[in-house]
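K.L.:
Here are the chains, one letter per residue:
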Amino acid sequence: MNIVVCIKQVPDTETVIKIAGDGKSIETDDIKWVMNPYDEFGVEEALVIAKEKGGEVTVVGAGPDRVVESLRTALAMGADKAIHIQDEDLYGADPVYVAKLLAKAIEPLGADLIFLGQRAVDDDSGVVGSALAEFLDLPQMSVITSVELGEGSVKVERPVEGQTLVLEGSLPAVVTAQKGLNEPRYASLPGIMKAKKKPLETMTPADLGLERADNLEIIAINPPPERAAGRIIEGETPQELAANLAKALKEEAKVI
Amino acid sequence: MAGVWIIAEQRDGDFRKITFEAASAAKKVADEVGGEVTALVLGSGMGDKCAELGKYGVAKVLCVDDASLADYTTDAYANAAAALIKDGAPDVVLLGASMQGKDLGGRLAAKLDTGIAVDCTALAVTDGKLVATRPMYAGKVYADVVVNGSPQIASLRPNVFDVVEVGGEAAVEAASVDLGEIKAAVVDKLVAEEGKIDLTEANIIVSGGRGVKEAENFDIIEELAGKLGAAVGASRSAVDAGWRPHTDQVGQTGKVVTPNLYVACGISGAIQHLAGMGSSKVIVAINKDADAPIHSKADFCVVGDLFDVVPELSKEVDK
Chain P
-11 MNIVVCIKQV
-1 PDTETVIKIA
9 GDGKSIETDD
19 IKWVMNPYDE
29 FGVEEALVIA
39 KEKGGEVTVV
49 GAGPDRVVES
59 LRTALAMGAD
69 KAIHIQDEDL
79 YGADPVYVAK
89 LLAKAIEPLG
99 ADLIFLGQRA
109 VDDDSGVVGS
119 ALAEFLDLPQ
129 MSVITSVELG
139 EGSVKVERPV
149 EGQTLVLEGS
159 LPAVVTAQKG
169 LNEPRYASLP
179 GIMKAKKKPL
189 ETMTPADLGL
199 ERADNLEIIA
209 INPPPERAAG
219 RIIEGETPQE
229 LAANLAKALK
239 EEAKVI
Chain R
5 MAGVWIIAEQ
15 RDGDFRKITF
25 EAASAAKKVA
35 DEVGGEVTAL
45 VLGSGMGDKC
55 AELGKYGVAK
65 VLCVDDASLA
75 DYTTDAYANA
85 AAALIKDGAP
95 DVVLLGASMQ
105 GKDLGGRLAA
115 KLDTGIAVDC
125 TALAVTDGKL
135 VATRPMYAGK
145 VYADVVVNGS
155 PQIASLRPNV
165 FDVVEVGGEA
175 AVEAASVDLG
185 EIKAAVVDKL
195 VAEEGKIDLT
205 EANIIVSGGR
215 GVKEAENFDI
225 IEELAGKLGA
235 AVGASRSAVD
245 AGWRPHTDQV
255 GQTGKVVTPN
265 LYVACGISGA
275 IQHLAGMGSS
285 KVIVAINKDA
295 DAPIHSKADF
305 CVVGDLFDVV
315 PELSKEVDK
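Line by line, the protein sequences give chains P and R.
Using this note's numbering, count along the first sequence one by one with no gaps and you end on 244.
Using this note's numbering, count along the second sequence one by one with no gaps and you end on 323.
Calculated directly from the structure, the hints in this document are not laboratory data.
For glycine and all other residues, C-beta sits at the position ideal for the given N, C-alpha and C.
Misleading hints may appear alongside valid ones.
Stated by the list, open to error - Rough simulated footprint, nothing fancy, chain R against chain P, three-plus residues with beta-carbon under 8 Å:
#, region
1, 76 to 85
2, 127 to 141
3, 151 to 161
To be verified - One-sided excerpt, in silico: chain P residues whose CB lies under 7 Å from chain R:
#, residue
4, Ile5
5, Val56
6, Asp112
7, Lys167
8, Asn203
9, Glu205
10, Asn210
11, Ile220
12, Ile221
13, Pro226
14, Leu229
15, Ala230
16, Ala234
Claimed, not checked - Okay, derived cross-link-like pairs now, BS3-like style, lysine-lysine, Cα gap no bigger than 27 Å in a straight line:
#, chain 1, residue 1, chain 2, residue 2
17, P, Lys242, R, Lys217
18, R, Lys193, R, Lys21
19, P, Lys41, P, Lys185
20, P, Lys143, R, Lys200
Use the sequences and the hints to build the structure in full.
P.N.:
Set out below in C-alpha cells:
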C-alpha cells in the first residue's frame, strides 16, 4: 500500500492575524507555523494503514523553506519520506494552482491512497483535495471520519447535515480527513532523531513543468465587521438575570 | 450575456433552503451583470418541482433527470455540471457552501480550469465582475476576492443570504448529458439522532464550554436548546474532554457558524472559538467571570453562574 499525505503549513490557531501594509495579505513576521491540524489526522491514518497493510508513507508539502519543518514533523511521526515543492511565494496562492503542483509531484509515485486535511485552517477553502482528485482523475471522498480498506476499494463515513453517509469508492482514491478520524500521535524523541536521516526530496514548480497561474485573486483583506459594544444584563438574582435577558432577546433583539 | 447560473441542491427529492438562498443571491448579481438566472437541477424525478424556483428569481431551469443522480455523487454531478456549464458559458456560477457544495465546487473549478471563492458571506459586482467576500482564518479576517477565470464560481455560506421571493414560474427544460463513470458513491445513510438540528443550519445555537464541567451537566444546555428549538454546540475543551461529539465543536478546528442567536454558556472565548461564532447575528455570553473574553464579543453579557442562570432562562422562554 503506497500512501501519500499532502500537508500544508499554516499559522498556529492561537495566532492573532494582522493585516499587512498592502491591505491584501497578512503579516507573517511573528507567526508560529505548524502543520495544519486536519493534515495530522491524515498522517496518523496513513501510518496506521501502512503498519497494518505494509507499504510506504510519503508526505508532500508545497511552499517556502519553512515548510520543511512540518515535513520533518510528519517524518518524525513515522512517515518514510518527504517531498518539498519549494516556492518562496506560494503562501496565499490559488488552491486550484496548488492542487496542480501537488498532482504533478504525486503522479509518478503510484499512490493507492492519498490523504489531505479536509481544509486548511488558514484560507478555509477545502478546495485542494477535490481539485487534486480531478487532476489525477481519481475518486474523492471528502470530510471523512472513518476509513476501512477493502480489496481495491475504500469505505468511508462522511458526516453531512443531519446524517452520516457511508461511501464506497475504488482505489486509488483521494480522501480528506475530518476531526474524529483518529487521535494523531506525537513525534517521539527517537522519531525526531530518525527523521533527520529520512529522505527529503526538493523540487521546484519549474521542475514539475508548471508556471504560477492563479485564477483566484485576493484584492483586499479586512478586519471582521465591528460588533457594537455589548450590554451587561442587570439583575440581583439568577431569576432576575434570566428574566431581563429573556426580555432583551424577545423585545429588543427579537430573536426568540 | 450568458447570465448567472446556480447549481440547485436537493436531498431526497426536495430542494434544500440553500438553493433558494443561492437563487435569490443570483438574481441580485444577474440584475447587475446582465442576463438571467438559470438553475441547474440534477436529480431523479425533480421535474415537477423545478418551476417553483421561479419564485426566487430563476428564469430558466435545466433539469437533468436520471436515477443515478438521486443521491449526490462527486463524479456524476461534477461531470454533468461541467458539461452543461461549458455549453451554456455563464459568467457566474453560484452554489451552496454546504457539505455537498464544498465537495463539488473544487472539483468543478478544476474541471473548468477556473477559480472558486468558497464559503462567501457577501457578493458585490464591480466593473461587471463579481467580488466575493469570504472569511479566512475562521473569520479572524475577511477577504475580498475575484475569480479571473471563466466562469467565476462562488459558493455561498448557508444561512447568510436572504431568501427573496419575486414571484413567477421558471421555464423548465430537460437536459441530457453524459454522467461519466461513478467511482465513489453512497452505499448507506446513517440518520443522526431524531430531530437533531445541524449546527451549520441552525437559527439558534446554545453552546457549552469548560464551565459546564461534565458531560451529564449538558442536560441543562440541552433543555434550553430544546425550548428554543436550537442546536447544541460545544467549545473545543468540552469536545476534547469527551463531553460532546466532534460534530458539535464550534471554532477554527470545528464548525464556523452564523445563527441568528448564539448563547455561549461557560465558554471563556478562546480566539479559535470567537473566530468560529463571531459572525452570529446576536451573541449572548453567560459566564461568571466578568473578564472572560467571550463577554467582549457578546451583545448581551450575563455575569453569573450558568448552573443558576441557564435553568431560569429555560423557564423564562416558556413564559
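K.L.:
List, from low to high, the hint numbers that the structure doesn't satisfy.
P.N.:
5, 17
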